[in-house]
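Enquirer: Please take these sequences and the hints and turn them into a complete structure.
So the protein sequences, as listed, match chains A and B. 12 is the number of the first residue of the first sequence in our numbering; add one for each residue after it. 12 is the number of the first residue of the second sequence in our numbering; add one for each residue after it.
Derived from the structure by calculation, the hints contain no laboratory data. Incorrect hints may have been included.
The list cannot tell twin chains apart, which means a pair is met if one copy fits it or any two copies do.
[Stated by the list, open to error] Derived pair list, reagent style EDC-like, types lysine to aspartate or glutamate, alpha-carbon separation capped at 16 Å:
| no. | residue 1 | residue 2 |
| --- | --- | --- |
| 1 | 293 | 65 |
| 2 | 223 | 254 |
| 3 | 223 | 140 |
| 4 | 412 | 65 |
| 5 | 223 | 93 |
| 6 | 297 | 235 |
| 7 | 389 | 352 |
In this text, all values refer to a predicted model and were calculated from it rather than measured experimentally.
There are 2 protein chains.
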Amino acid sequence: MGKLNGKAVVAQGGGPTAVINQSLIGVILEARKFDCIENVYGAMHGVSGIIKEDFMDLTQATTHNLEMVANTPSSGMLSTRDKPDGEYCQKIFEVLKVHNVRYFYYIGGNDSADTCRIVNENAQKAGYDLRVVHVPKTIDNDLLVTDHCPGFGSAGLFVSQAFAGINLDNRSIPGIYIGVVMGRNAGFLTATSIFAKKYPDDGPHLVYVPEKAFDKTKFLSDVERIYRENDRCVIAVSEGICDAKGEPMIASLMENQEKDAHGNIQLSGTGALGDALAGLIKSELKIKRVRTDTFGYLQRSYLSTVSAVDANEAREVGEKAVQFSVWHDIDGSVAIRRTGDYSVEYFLTPLSTVARNTKSMPDEFIDTENSTITEAFKSYARPLVGTLPTYDRIWAPKVEKILNK
Amino acid sequence: MGKLNGKAVVAQGGGPTAVINQSLIGVILEARKFDCIENVYGAMHGVSGIIKEDFMDLTQATTHNLEMVANTPSSGMLSTRDKPDGEYCQKIFEVLKVHNVRYFYYIGGNDSADTCRIVNENAQKAGYDLRVVHVPKTIDNDLLVTDHCPGFGSAGLFVSQAFAGINLDNRSIPGIYIGVVMGRNAGFLTATSIFAKKYPDDGPHLVYVPEKAFDKTKFLSDVERIYRENDRCVIAVSEGICDAKGEPMIASLMENQEKDAHGNIQLSGTGALGDALAGLIKSELKIKRVRTDTFGYLQRSYLSTVSAVDANEAREVGEKAVQFSVWHDIDGSVAIRRTGDYSVEYFLTPLSTVARNTKSMPDEFIDTENSTITEAFKSYARPLVGTLPTYDRIWAPKVEKILNK
Numbered sequence: 012m013g014k015l016n017g018k019a020v021v022a023q024g025g026g027p028t029a030v031i032n033q034s035l036i037g038v039i040l041e042a043r044k045f046d047c048i049e050n051v052y053g054a055m056h057g058v059s060g061i062i063k064e065d066f067m068d069l070t071q072a073t074t075h076n077l078e079m080v081a082n083t084p085s086s087g088m089l090s091t092r093d094k095p096d097g098e099y100c101q102k103i104f105e106v107l108k109v110h111n112v113r114y115f116y117y118i119g120g121n122d123s124a125d126t127c128r129i130v131n132e133n134a135q136k137a138g139y140d141l142r143v144v145h146v147p148k149t150i151d152n153d154l155l156v157t158d159h160c161p162g163f164g165s166a167g168l169f170v171s172q173a174f175a176g177i178n179l180d181n182r183s184i185p186g187i188y189i190g191v192v193m194g195r196n197a198g199f200l201t202a203t204s205i206f207a208k209k210y211p212d213d214g215p216h217l218v219y220v221p222e223k224a225f226d227k228t229k230f231l232s233d234v235e236r237i238y239r240e241n242d243r244c245v246i247a248v249s250e251g252i253c254d255a256k257g258e259p260m261i262a263s264l265m266e267n268q269e270k271d272a273h274g275n276i277q278l279s280g281t282g283a284l285g286d287a288l289a290g291l292i293k294s295e296l297k298i299k300r301v302r303t304d305t306f307g308y309l310q311r312s313y314l315s316t317v318s319a320v321d322a323n324e325a326r327e328v329g330e331k332a333v334q335f336s337v338w339h340d341i342d343g344s345v346a347i348r349r350t351g352d353y354s355v356e357y358f359l360t361p362l363s364t365v366a367r368n369t370k371s372m373p374d375e376f377i378d379t380e381n382s383t384i385t386e387a388f389k390s391y392a393r394p395l396v397g398t399l400p401t402y403d404r405i406w407a408p409k410v411e412k413i414l415n416k
Numbered sequence: 012m013g014k015l016n017g018k019a020v021v022a023q024g025g026g027p028t029a030v031i032n033q034s035l036i037g038v039i040l041e042a043r044k045f046d047c048i049e050n051v052y053g054a055m056h057g058v059s060g061i062i063k064e065d066f067m068d069l070t071q072a073t074t075h076n077l078e079m080v081a082n083t084p085s086s087g088m089l090s091t092r093d094k095p096d097g098e099y100c101q102k103i104f105e106v107l108k109v110h111n112v113r114y115f116y117y118i119g120g121n122d123s124a125d126t127c128r129i130v131n132e133n134a135q136k137a138g139y140d141l142r143v144v145h146v147p148k149t150i151d152n153d154l155l156v157t158d159h160c161p162g163f164g165s166a167g168l169f170v171s172q173a174f175a176g177i178n179l180d181n182r183s184i185p186g187i188y189i190g191v192v193m194g195r196n197a198g199f200l201t202a203t204s205i206f207a208k209k210y211p212d213d214g215p216h217l218v219y220v221p222e223k224a225f226d227k228t229k230f231l232s233d234v235e236r237i238y239r240e241n242d243r244c245v246i247a248v249s250e251g252i253c254d255a256k257g258e259p260m261i262a263s264l265m266e267n268q269e270k271d272a273h274g275n276i277q278l279s280g281t282g283a284l285g286d287a288l289a290g291l292i293k294s295e296l297k298i299k300r301v302r303t304d305t306f307g308y309l310q311r312s313y314l315s316t317v318s319a320v321d322a323n324e325a326r327e328v329g330e331k332a333v334q335f336s337v338w339h340d341i342d343g344s345v346a347i348r349r350t351g352d353y354s355v356e357y358f359l360t361p362l363s364t365v366a367r368n369t370k371s372m373p374d375e376f377i378d379t380e381n382s383t384i385t386e387a388f389k390s391y392a393r394p395l396v397g398t399l400p401t402y403d404r405i406w407a408p409k410v411e412k413i414l415n416k
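Expert: Given below as structure tokens:
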């Protein structure tokens, strides 16, 4: 161990999660244990903070402060959407070199893994000895190799609790309700809405994920069928649903498609998709009470909704990142392997296996015919999401009618 | 006590809250103690369940089941938007009379108080001896007479926690964020967003409530000022903001203004207002990253976010409704009087003083010049909303720059 003597830098990239700071604090506290790591620097706003040399010396933060931050949602070191190219990476090296940084930990999704890959390749070309470890996080749960992603479980708990409440609300004042859920091109997060279905007639009655082409005609006949059966209908829809040509449904509905530096179009931060689907139901099915909410940023940043398993694993992937790099002197992305029901182990996978591409839900998780989610998904996701707070219906006998016999 | 022998009926009207079932269970458990009350019936879907004789005999529900329901958001006996007229009330009496109902408890907002008033007047005209007590609830906090309304505190805690998370999110990836909050014509709920402001540079930086005319020019200059100072801006906006003529801002933006039986236009269940304000900022200020969420139904039904004070008071107003009607043989609406910091007492106010009209925020709660909320409001609302979970920023020294000196 300790082949490389120098500083460590930790940074966070991409969209925040409820537990991303567990990983941050996992890295910091573990790195502070090793003599070969002189200081632990935190780069502000991800890689953009490296090129600007906006570092904080986290070696001088108190443990209590760090533990408080671990329980705080969103990115404690702040984030960025920058995607470094060759020139950007050259600037990163100049800064890392001059500060004698030898360990770089980047917490993020597939875009951040790609950043790690580029930085790592660039370091090798430049002959600069640097350990680069990607620490996974994303509420979308769409990273390759790993069984699941830290951040997903807590966001899933939020989505489950939201739909459980919505279902109770919709049952008390019936109508159609559409909840639009994040997840980009993966349906995992939307699928967690299924945990809100406690009694057989509970919603969500219909769930639409991006993995299956969204067909307006099928959608309308689904809604009509459920509405006739139940006098109400709760629908969970992924923000990233696409038509048969693979074109996002939101794309045809928005005038200006905003794209970020990675070429991704804006799916969140607007109620357009929900409102368009509600309009479709109102005009085609002539149903009056149609409501829609876009859960938006609450899903990834709302205070107080954290899955315990998710928080613990987020902490551990941060610790393991440091351990792999110091004890084993290797680069890669920390991944989770499920070993039992429920137990996991951590391993390091090459950066190239995680960078850029994403994972979708397997077919066995989706019941296309009934537009819902299968038991197989529930087995997969339940340990990650954890248990919802208890809630119940009143059980009492009906009173015999006198006038309306 | 116990002048009237007969059955009791309890029902819930209007939009649900996180603690409305505390009031329901308060009524049921208290009513089950009195010999003069033979059975406690629950009317399904509010007054509409009375005319259909859709009753459950809650005397035969288990205490454990009822306590579980007390901790469940939304209306356990289900709700209605019906507003009874004279004919409707006549049907109510026929049913109440034939079942020998002598105590009627209706949990709801000002519309439900109005229903109580009509039913009560109709009972008096018909010479039918009936105690009618309105039990207050509304997340809007807009009932007259009472210091505040059960349901408001928990919804306020949700809004505070949502904005606290949003602020952390917005700080990590800067831009403009607009959160649209419920509350109809009252700004109380939107104002609770101010509790998310922990550090001086935290959002919400701007808060717009319906009590003050919304001026587009002022709004844009506010946003520009904050954005220049902070490189970001978090905005809380009431769904019911109006222009100088008193016309709702959402009205001019929606093609079909849906109205309910009470003549209220639909303010919730659509992202239209947020999207329109975001579009305004994008086009007028040329700021690219503008995001908006409409918190929607999550505010009143999300599982697990309950203020302890709110839950306790919701339980007590239910109990007091029964006690006033049985011990004192009087009709009215249960109201809360603040007696200390923080202590309250309960009293009964005539139904006519609460029915129909609503309350707005007093001027001293609103800082119009800076488009924010005052300390006076915080003193008023903090005991009701309670304490947010702890969260923190990293405190560590900045590292001296080498290349970018």
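Enquirer: Now look at each hint and say whether the structure bears it out.
Expert: Cross-check of the supplied hints:
1. 293 - 65: neither (52 Å within a copy, 29 Å between copies)
2. 223 - 254: So residue 223 and residue 254 pass the 16 Å test inside one copy only (8 Å; across, 44 Å).
3. 223 - 140: neither (45 Å within a copy, 61 Å between copies)
4. 412 - 65: between (74 Å within a copy, 8 Å between copies)
5. 223 - 93: Result: close neither inside a copy nor across copies, 31 Å intra and 40 Å inter.
6. 297 - 235: Result: close within a single copy only, 10 Å intra versus 42 Å inter.
7. 389 - 352: The answer is within: 13 Å in one copy meets 16 Å, while 47 Å across copies does not.
Comparing the model with each earlier hint shows violations of hints 1, 3, 5; every other hint is respected.
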